[in-house]
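Visitor: What follows is each chain in one-letter form.
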Amino acid sequence: MSDTGEFSVETMVARKSAARRARARLPLTEKVEIVERMRTEFAAFAAIRAARRNATRVVGTVSD
Amino acid sequence: MSLAKAFEVIDRMAREGVVLSYAIGGAIAALVHIEPTATEDLDVFIEVEAAAGASILTLDSQVAFLKRLGYAEWRKEGIVVEGWPVQFLPVGSALEAEAVAEAEIVDFPAAGPGAVRTRFVRPEHLLAIALKVKRAKDYIRIDAFLDVDAVDIAKLAAVIERHGLRADWNEFLRRTGRPDPFVPASRP
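Keeping their order, the protein sequence lines are chains A and B. Position 30, counted from 1, in the first sequence is what our numbering calls 36; the numbers after and before it change by one each time, with no gaps. Position 117, counted from 1, in the second sequence is what our numbering calls 1163; the numbers after and before it change by one each time, with no gaps.
These are computed hints drawn from the structure, not numbers from a lab. Watch out, some of these pointers could steer you wrong.
To be verified - No more than 30 Å apart at the CA atoms, straight line, and that leaves these computed lysine-lysine pairs for DSS-like:
#1 K22/A with K1178/B
#2 K1178/B with K1201/B
#3 K1180/B with K1122/B
#4 K1183/B with K1201/B
#5 K1122/B with K1051/B
#6 K1183/B with K1051/B
#7 K1122/B with K1178/B
#8 K22/A with K1180/B
#9 K22/A with K1122/B
#10 K1180/B with K1201/B
#11 K1201/B with K1113/B
#12 K22/A with K1201/B
As the list claims (entries may be wrong) - For each label pair, taking beta carbons as the anchor points, the in silico distance ranges come out as:
#13 G1063/B with T17/A: 48 to 58 Å
#14 T17/A with K1113/B: 50 to 60 Å
#15 G1223/B with A24/A: 47 to 57 Å
#16 E12/A with G1116/B: 34 to 44 Å
#17 K1178/B with F48/A: 19 to 29 Å
#18 A61/A with R1121/B: 31 to 41 Å
#19 A56/A with I1186/B: 16 to 26 Å
For every residue, glycine included, the Cβ atom is placed at its ideal position computed from N, Cα and C.
Chain B extracted, bound-state conformation:
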């Protein structure tokens, strides 16, 4: 049981067409850029094809695929894959669709020979999604990225403008007391 094995299973879902595309988000994607933080689960944004004539999007085929591989246990709203509850989040907004489309491809070292090809949500999309979710831990994560300069400020500004998140960004600045890094004069 390991994250690397869970990454391998998720990437296999894309290779075998069970999902059109995917990108790992949340704390695990943040791990690529900032210090490790404790997390219990794995969030995966997925692009899926709706069944013909279906008015409701279901994850039946993805769940069935995982069950065939022996992953049938549910824990914390996630299917347990290699010990990690995986929450599959079908993209529900233009921001999430862009995050999946522009995901960063990382070859994660596997236990054996070779590497596991993995797709991670990029920092600017991670922060934009966190801005929309607005939990205390989302704000802490944004703060952590800004603290270690782990996000391209110009790219973040573009994502925020493109997806109409300026008010959410201002709310984050107000609640954390941070100076606005988009304003050159306030950069340290």
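Only chain A is shown next, with the shape it has when bound in the complex:
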């Protein structure tokens, strides 16, 4: 049986905080690589947002 203390809000917050500190301590070059990678990978989502903004709704067609 697992120790539920390991999954308490306090423990999870502390773990997240420790991970945040660890990421803050990464070398700057590594952080820049992460940002550049995020930018590339998030570009697809930006394209989806742009497409939605530009989408025109077809309301019907005229036929004889």
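Model the placement of chain B on the given structure of chain A, informed by the hints.
Guide: Showing chain B alone in chain A's frame:
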């Protein structure tokens, strides 16, 4: 295309006198001290000389310089340099002028031999500027700095007092529910 190359172009603008001085701000400057966050552009505070007799400050000479280097595309209010839209922000307050004057110089490793000399806004000025801008993401950034102790609290307090930002600081504390780190008793 890379941030390092964009840093090199921006520093070249200073070396060649196109700007008097500069300091990179925003999310990219925050990157020096806190965990990486997604960002789309590069904010650069610049000191520029106004043309003689001009009543309005323009960035014509900076834009012309970049165009000569082949950077002529505009995206999201920025000139695209090495794939990054760069927003040049002429200093408009004593706080921004101080942020540029006291910028931290970092030798950023380049792809080839050597390094790119780059100037970044220091944490206390980044946070003071964020306090003035007040968007949700600015408050999140301040919070992130405080969370990982990435700012010198005494220096931050001095900047806040010097630039009359106490009310803005109190508003940040009220909206985030954070204890005031300037009050020793409330430090964890």
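Visitor: Could you check the structure against the hints above and give me the numbers of any it violates, in ascending order?
Guide: 9, 11, 15, 16 and 18
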